[in-house]
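Novice: In case you want the letters, here they are:
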Amino acid sequence: MAKLYSKPNPKNDNLTPKDETIKRLLDYSKALSVINYNKLKFEALLN
Amino acid sequence: MRNELIQDAALVSNYIRGDENALAVLIERHKQKIYSFIYSKVYDKDITEDIFQDTFIKVIRTLKRGKYNEEGKFLPWVMRIAHNLVIDHFRKNSRMPKFDNAGEFSIFSVLSDNSLNAEKSIIKEQVESDVRRIIEELPEDQKQVLLMRMYQDMSFKEISERTGVSINTALGRMRYALINMRKVIEQNNIILTN
Numbered sequence: 001m002a003k004l005y006s007k008p009n010p011k012n013d014n015l016t017p018k019d020e021t022i023k024r025l026l027d028y029s030k031a032l033s034v035i036n037y038n039k040l041k042f043e044a045l046l047n
Numbered sequence: 001m002r003n004e005l006i007q008d009a010a011l012v013s014n015y016i017r018g019d020e021n022a023l024a025v026l027i028e029r030h031k032q033k034i035y036s037f038i039y040s041k042v043y044d045k046d047i048t049e050d051i052f053q054d055t056f057i058k059v060i061r062t063l064k065r066g067k068y069n070e071e072g073k074f075l076p077w078v079m080r081i082a083h084n085l086v087i088d089h090f091r092k093n094s095r096m097p098k099f100d101n102a103g104e105f106s107i108f109s110v111l112s113d114n115s116l117n118a119e120k121s122i123i124k125e126q127v128e129s130d131v132r133r134i135i136e137e138l139p140e141d142q143k144q145v146l147l148m149r150m151y152q153d154m155s156f157k158e159i160s161e162r163t164g165v166s167i168n169t170a171l172g173r174m175r176y177a178l179i180n181m182r183k184v185i186e187q188n189n190i191i192l193t194n
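Which chain is which? The protein sequence lines are A and B, in order. Going by the numbering used here, the first sequence opens with residue 1, and the numbers climb by one from there. Going by the numbering used here, the second sequence opens with residue 1, and the numbers climb by one from there.
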């Protein structure tokens, strides 16, 4: 049988981001507000 | 499939209108695909986590600024952002290679601080003063050759010219100087290491 010389792929089990990463993103989204002033947009992070 | 696309588009417009839960649903729905895509390029979970986070920070900022105009194609748009960030990551790393210290090679094995710390410099001074005292105990002719050779860095030819003896005699005196110093060190249990 032919030998495979390619590098085996690392195991792809449980490939999801950590819960805290998602929580951080959702918190960031809640804290971020964009203020429109005339044609300008300002970002404000309200923690 | 069509249903999901419509739902994505609806979630995106709900989010733009201020429904924060819509973002949670979008992330939950696509997190595995996006995360796996990034991981398949970088093969490092920490880097994947960082790029995943940066991807969604870009998504959030673009949506909140009202600049998103690809309704119905949310996932391909996010994937493109992730793809660009992966490229940025590799560009940055090719300019500045990273040593993660995870393998057998440790960067600290080649990066060392050669300056002596306080303890080592005290020991070095002590050793040097012991050596000077031992040299003082040597017979004058041996001491003369040793000082010229070791402290003035002279060749044996120069020593023989300076002292008026043959090179062989100078070599012999050096040899006896070292033998005598070793004897004194052994007899007095002097430790000359730092």
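A portion of the hints provided could be inaccurate.
Said to hold, decoys possible - Straight-line C-alpha distance at most 27 Å; calculated DSS-like pairs for lysine-lysine:
| no. | chain 1 | residue 1 | chain 2 | residue 2 |
| --- | --- | --- | --- | --- |
| 1 | A | Lys30 | B | Lys183 |
| 2 | B | Lys64 | A | Lys23 |
| 3 | A | Lys23 | B | Lys31 |
| 4 | B | Lys58 | A | Lys18 |
| 5 | B | Lys64 | A | Lys39 |
| 6 | A | Lys30 | B | Lys92 |
I should point out that these hints are in silico values taken from the structure, not numbers from a laboratory. None of the values given here were measured: they were computed from a predicted structure.
Novice: Confirm or reject each hint.
Specialist: Hint by hint, here is what the structure shows:
no.	hint	result
1	A/Lys30 x B/Lys183	violated, 80 Å
2	B/Lys64 x A/Lys23	holds, 18 Å
3	A/Lys23 x B/Lys31	holds, 13 Å
4	B/Lys58 x A/Lys18	holds, 18 Å
5	B/Lys64 x A/Lys39	holds, 15 Å
6	A/Lys30 x B/Lys92	violated, 30 Å
Comparing the model with each numbered hint stated earlier shows that hints 1, 6 do not hold.
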